[in-house]
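Chemist: Below, each chain spelled out in residue letters.
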Amino acid sequence: MNVKDLCEKLNLKTIVKDDFDREITDCYIGDLLSWVMSRAPKDCAWLTVMGNINSIAVASLADVSCIILVENAALDDDAKTKAEIHGINILKSEENSYNLATKIYELLK
Amino acid sequence: MSNAIHLHYEVPGDDFTRAGEASGLVKKRLKVLGYDPDAIRRVAIAMYEAEINMVIHANGGYCDVDIYPDRVEVLLADSGPGIENVEKAMQEGYSTAPDNVRNLGFGAGMGLPNIKKYTDDMRIETELGVGTKLYLTVNAN
Chain A
1 MNVKDLCEKL NLKTIVKDDF DREITDCYIG DLLSWVMSRA PKDCAWLTVM
51 GNINSIAVAS LADVSCIILV ENAALDDDAK TKAEIHGINI LKSEENSYNL
101 ATKIYELLK
Chain B
1001 MSNAIHLHYE VPGDDFTRAG EASGLVKKRL KVLGYDPDAI RRVAIAMYEA
1051 EINMVIHANG GYCDVDIYPD RVEVLLADSG PGIENVEKAM QEGYSTAPDN
1101 VRNLGFGAGM GLPNIKKYTD DMRIETELGV GTKLYLTVNA N
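Respectively, the protein sequence lines represent chains A and B. All the letters of the first sequence, read from the start, carry residue numbers 1 to 109 under this note's numbering. All the letters of the second sequence, read from the start, carry residue numbers 1001 to 1141 under this note's numbering.
By construction, these hints were calculated from the structure, which means they are not laboratory data. Computed from a predicted model, the values in this text were never measured in an experiment.
Covered stretches of chain A (chain B as the covering partner; in silico rule of three or more C-beta atoms under 8 Å from a C-beta of chain B):
1. 22-33
2. 37-46
3. 49-59
Subject to a maximum C-alpha distance of 20 Å in a straight line, what follows is the list of computed PhoX-like cross-link-like pairs (lysine-lysine):
4. K80(A) / K4(A)
5. K1088(B) / K1133(B)
6. K42(A) / K1031(B)
7. K1117(B) / K42(A)
8. K42(A) / K1028(B)
9. K17(A) / K42(A)
10. K9(A) / K92(A)
Here a beta-carbon is modelled for each residue, glycine too, at the ideal position from N, C-alpha and C.
Based on the provided sequences and hints, a complete structural model is requested.
Modeler: Spelled out as structure tokens, the structure:
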């Protein structure tokens, strides 16, 4: 499944669109950036409430396929700019991490 | 060694928004060179943690990167306060970072442990009131 499919199937709002053909093979939830950076699997959808500029660096370094801001968490303006520069897909959902992750689980099965 | 590619970056001290620039650039460079993806990821993560450490604790510093065909060597140096207890700093969960840093998603006491986890060799030289030098080596599998 790619980012575009995920977006459509789960009705996610697009905040930053880069490579929507990028494959998603896993899902990871976390807000502690050091923790996420060392454990998030490559090519995952990363669910978080952290929408600051450091999240973008972590997403880039950990090679995640997209960030999904859950519970409508805000994305800082400078983070948006940096995501556009670094080519990080960012989506948004009203749902919380648990609910969204269960749906992603079904889609990835 | 003559076949190394040498890179040098300054890490600004008070600016969280620019931390990660050096690691991002090194990552890009290694990709262009066709480096092993796992080694690239490990270098980038270790460097980013070290950059964040320099921003949080040491008012910035610099890093020197030497890329060899079989390994990447990184020196991250600062003129900060030094690390009082290296053994403690190496424990997961031990942190002296202020609260504002935690609000940004850092300061969980995972920096140095992460760096150790992701590198093949890590050496710390630190002196109180003088600064810290961190030597890292990541082998290209």
